[in-house]
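Undergrad: Residues per chain are reported as follows:
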Amino acid sequence: DSGVTQTPKHLITATGQRVTLRCSPRSGDLSVYWYQQSLDQGLQFLIQYYNGEERAKGNILERFSAQQFPDLHSELNLSSLELGDSALYFCASSVGSKYNEQFFGPGTRLTVL
Amino acid sequence: DQQVKQNSPSLSVQEGRISILNCDYTNSMFDYFLWYKKYPAEGPTFLISISSIKDKNEDGRFTVFLNKSAKHLSLHIVPSQPGDSAVYFCAAVFGNEKLTFGTGTRLTIIP
Numbered sequence: 012d013s014g015v016t017q018t019p020k021h022l023i024t025a026t027g028q029r030v031t032l033r034c035s036p037r038s039g040d041l042s043v044y045w046y047q048q049s050l051d052q053g054l055q056f057l058i059q060y061y062n063g064e065e066r067a068k069g070n071i072l073e074r075f076s077a078q079q080f081p082d083l084h085s086e087l088n089l090s091s092l093e094l095g096d097s098a099l100y101f102c103a104s105s106v107g108s109k110y111n112e113q114f115f116g117p118g119t120r121l122t123v124l
Numbered sequence: 017d018q019q020v021k022q023n024s025p026s027l028s029v030q031e032g033r034i035s036i037l038n039c040d041y042t043n044s045m046f047d048y049f050l051w052y053k054k055y056p057a058e059g060p061t062f063l064i065s066i067s068s069i070k071d072k073n074e075d076g077r078f079t080v081f082l083n084k085s086a087k088h089l090s091l092h093i094v095p096s097q098p099g100d101s102a103v104y105f106c107a108a109v110f111g112n113e114k115l116t117f118g119t120g121t122r123l124t125i126i127p
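Residue numbers (our numbering), protein chains in the order written: chain A, 12 to 124; chain B, 17 to 127.
Hints should not be assumed to be uniformly reliable.
Said to hold, decoys possible - Here's a subset of chain A near chain B, in silico, CB distances under 10 Å, partners left out:
hint, residue
1, Gln17
2, Thr18
3, Gln28
4, Tyr46
5, Glu73
6, Ala103
7, Lys109
If you are wondering where the hints come from, they were derived from the structure by calculation, not from laboratory data. From the three backbone atoms N, C-alpha and C, an ideal C-beta is built for every residue, glycine too.
The following block holds chain A by itself, in its conformation from the complex:
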């Protein structure tokens, strides 16, 4: 158990809909990272927040947005969903903002029908 929690575990929705994925970092961690893993793909970095502020952006679509709240949990919002958005979405956290010290949550599997 990494100490990072993600809800829900599974999510099935339809095209055009909007969903919110939630992540609670390890106690004491200030950074939260979001990754997308599509079928047979590596993890693609989406976005990083550090202590409530956006720190870095990766390959995140404009239809996707995220935020980190004062209690440090984070939400990833996916809107106007398309079939291709079906993937595993991982959240990771770290104490500081160094990319090489991350602990990953179990992921949320999103299926868009």
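Put chain B on the given structure of chain A with help from the hints.
TA: For chain B alone, coordinates are given in the frame of chain A:
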């Protein structure tokens, strides 16, 4: 543009033998490399890492080798155990930039 490549999607190894997982990269600016292990229904777990100033790092049964001139790294697991069956991802980072992951290799240890 796949900057980190794991060309073998799967690998099967007999229990007790050595498992060798390979990873190639294209960006010569990468200065830190990591291996993650992932079981089904779990997130990736950090396994071992190596700085670009080293060519080898060992941790118990796990050893990572880095060949900078070939832009190649490998993870050796010896002896392989059934619990090592998992998907292994290599990842690379430059400075404080984002982690760039490979596509993973599924390792199956045959009892």
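Undergrad: A separate judgement is required for each hint: does it hold in the structure or not?
TA: The hints, checked one at a time:
1. Gln17: 8 Å, holds
2. Thr18: This interface hint is violated because 14 Å lies over the 10 Å limit.
3. Gln28: 24 Å, violated
4. Tyr46: This hint holds: Tyr46/A lies near chain B, its Cβ roughly 8 Å from the closest one there, short of 10 Å.
5. Glu73: Violated - the Cβ of Glu73/A stays beyond 10 Å from chain B, reaching only about 19 Å at its closest.
6. Ala103: 7 Å, holds
7. Lys109: 6 Å, holds
Of the numbered hints stated above, those contradicted by the structure are hints 2, 3, 5, listed in ascending order.
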